[in-house]
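Just so you know, the sequences run in chain order A and B. With my numbering, the residue at position 14 of the first sequence is 14, and numbering never jumps. My numbering runs 1000 ahead of the 1-based position in the second sequence.
The set of hints was computed from the structure by calculation and includes no laboratory data. Quantities reported herein were computed from a predicted structural model and do not represent experimental measurements. Some hints could be false.
Unchecked claim - Partial list, computed: chain B residues near chain A (C-beta under 8 Å):
| # | residue |
| --- | --- |
| 1 | Glu1045 |
| 2 | Met1048 |
| 3 | Trp1060 |
| 4 | Gln1074 |
As the list claims (entries may be wrong) - Here are the simulated EDC-like pairs of lysine to aspartate or glutamate, each with C-alpha atoms no more than 20 Å apart in a straight line:
| # | chain 1 | residue 1 | chain 2 | residue 2 |
| --- | --- | --- | --- | --- |
| 5 | B | Lys1164 | B | Asp1068 |
| 6 | B | Lys1082 | A | Glu44 |
| 7 | B | Lys1210 | A | Glu44 |
| 8 | B | Lys1085 | A | Glu77 |
Unchecked claim - Covered stretches of chain B, going by a simulated chain A footprint (3 or more residues, C-beta under 8 Å):
| # | region |
| --- | --- |
| 9 | 1150-1160 |
| 10 | 1165-1178 |
The C-beta atom is built at its ideal place from N, Cα and C for all residues, glycine as well.
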Amino acid sequence: MRIQNCQRLSPLISLYVAGDLPDASQREATAHLAICEACRQLAEEFSASTSLLVQACPPPEFDAEFYAGIRNAVLGEISSNRRLPKAWFFQRPWVYATSFAAVAIAALLLVQYFGSKRPTTNNVAGKKLVQSTPEAIAAASPAISAPQAPRKSEDPPAAPGVHDNLSYVLPRKSSKEFKTRGNRFEPLATAQSDLNLSAQLAPAKEFLTAVQSPPAETLTAASLASAGTAQVSRIEIQTSDPNIRIIWLTASEPSPSENTNQDQDKHGDRK
Amino acid sequence: MAAELAHIFLTDAQELLPPVCAEENTDFFAALVSRARAGDEIAFERIMLATEQRVVSIAWRMLGDRDDAREATQEVYLRVFKYLKRFRAGEDFRAWLYRITVNVCNDFARKRKANTAASFEESEFDWEGQGSDAARRAADPEGRALHEQQLALVRRALQALPAKERAALVLRDLEGFSTEEVASTLGSRPVTVRSQVSSARAKIKTYCDKLARKRGTSR
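So that you can see chain A by itself, here it is in the shape it has in the complex (with noise of 0.2 Å):
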């Protein structure tokens, strides 16, 4: 019975020594210990070592300046780094959140607002674009009426935009260059070099400078027409740059199955 009870309490007895253990259990331990010279020999052995504990690790016996020092650091660094509660609002992933959907709403806004808006002047790399609409250049000059005459009448009027804008801006070097198979433009290989351009743009800028000038009687209808020449064609450059569009408006030698056609229906009309 009292070996029992020797191994029940014995893992009780660190705890019987401290005080806690329940009150029966204390009561039972106690008088388990006044007749069991074992486990007061042990309970005699946890209180030595506890208090060896309690000796080996006394309150520590630091100055005022030690705890000044802490509270100095402390308050420091919560300075430094506003870890004060004002910042708490700015410590909220919902206002990060919040802040970046506005930011994004107001962006869509602002690229829906000026995507729909067409420029009625382009400023493309600080260089303004050279545009008319066609009332302009037919008050300029009546000869900007004849690359229309080819056009039929019953033509809705086109709505203003680039393809009635007569534009002419030399192509930035790094846009990439054309050449030109009738109205079909195809890319040119990169070696090819901006003076070929040029070259290939010099008629354009000739016919330009013509039509911008009032005296300019050899490019009116009447005067290509004079010339021979029963079309105007319309050559449109579209580079790199979606707002630099290059029209060239000339004159083109009849072909020769538009002359065969042209003489059946002169033939046609006889018959």
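With chain A fixed as given, assemble chain B onto it according to the hints.
For chain B alone, coordinates are given in the frame of chain A:
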């Protein structure tokens, strides 16, 4: 006889416990915490003044190094300030503070164990300045040296304990908390705390017994 034995053991155990610092009551801390939450640095400084000795004591006993204790205490108060908003009204502020202290000390001990192989010699050197009254009173130089050696071994045994058992033992036996207070601080049940404390005491005692036996055989 049994009652006398129990009285002797319990009295000894209670006498060995360090005096508990007179800390302010819960309402006092609640008012300070609410002010500190609002950004009042003076209130936070008063919280530090009221609790720093106990925090330093826990840190120093758990880490055994003065510099580590100072750094750990600074980190404790920085964390307290950082997470002051999370502290729920009605909760025991000191238990919350000491829980942070124990966690910070465990972090420090883990880092120290990872960085160096826990240089006990240095920690023993640190402890020497805090010699116990018994050792100071020892007139016999040889006995005093032997006693100091025993204390150093006990400190080594304390540092060798698992983190949870060390924390429970420090709070219960060295800081004088009740089992319920230790459970509240560590966020566990009193039964668990009793088990941890009992295991830690048994390990300390076993460690001391082995060393005593070694010393006996070496002589």
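Would you check the hint for lysine 1085 of chain B and glutamate 77 of chain A, treating anything up to 20 Å between C-alpha atoms as holding?
-> Holds - the C-alpha atoms of glutamate 77 of chain A and lysine 1085 of chain B are around 18 Å apart, at most 20 Å.
Going by Cβ atoms only, is glutamine 1074 of chain B closer than 8 Å to chain A?
-> 5 Å, holds
Given as covered by chain A, does the region 1165-1178 of chain B meet the bar of three residues or more with CB within less than 8 Å?
-> Since three or more residues must qualify, the claim that chain A covers the region 1165-1178 of chain B holds, with 5 doing so at under 8 Å.
Should the hint that glutamate 1045 of chain B touches chain A count as held when the rule is a Cβ pair under 8 Å?
-> With a closest approach of 6 Å, the glutamate 1045 of chain B hint holds.
Restraint satisfaction for tryptophan 1060 of chain B [CB to CB of chain A, less than 8 Å] | 5 Å, holds
Is the straight-line distance between the alpha-carbon of lysine 1210 of chain B and that of glutamate 44 of chain A 20 Å or less?
-> Satisfied, since the Cα-Cα distance of roughly 17 Å is no more than 20 Å.
Within the assertion that chain A covers the region 1150-1160 of chain B, do at least three residues meet a Cβ-to-Cβ distance smaller than 8 Å?
-> holds (count 6)
For the pair supplied as a hint, lysine 1082 of chain B and glutamate 44 of chain A, confirm whether the alpha-carbon distance does not exceed 20 Å.
-> Violated: lysine 1082 of chain B and glutamate 44 of chain A sit about 46 Å apart, past 20 Å.
With 8 Å as the cut and Cβ atoms as the points, is methionine 1048 of chain B at the interface with chain A?
-> This interface hint holds because 5 Å falls under the 8 Å limit.
Verify the proposed pairing of lysine 1164 of chain B with aspartate 1068 of chain B, using a straight-line Cα cut of 20 Å.
-> 19 Å, holds
Comparing the model with each earlier hint shows a violation of hint 6 alone; every other hint is respected.
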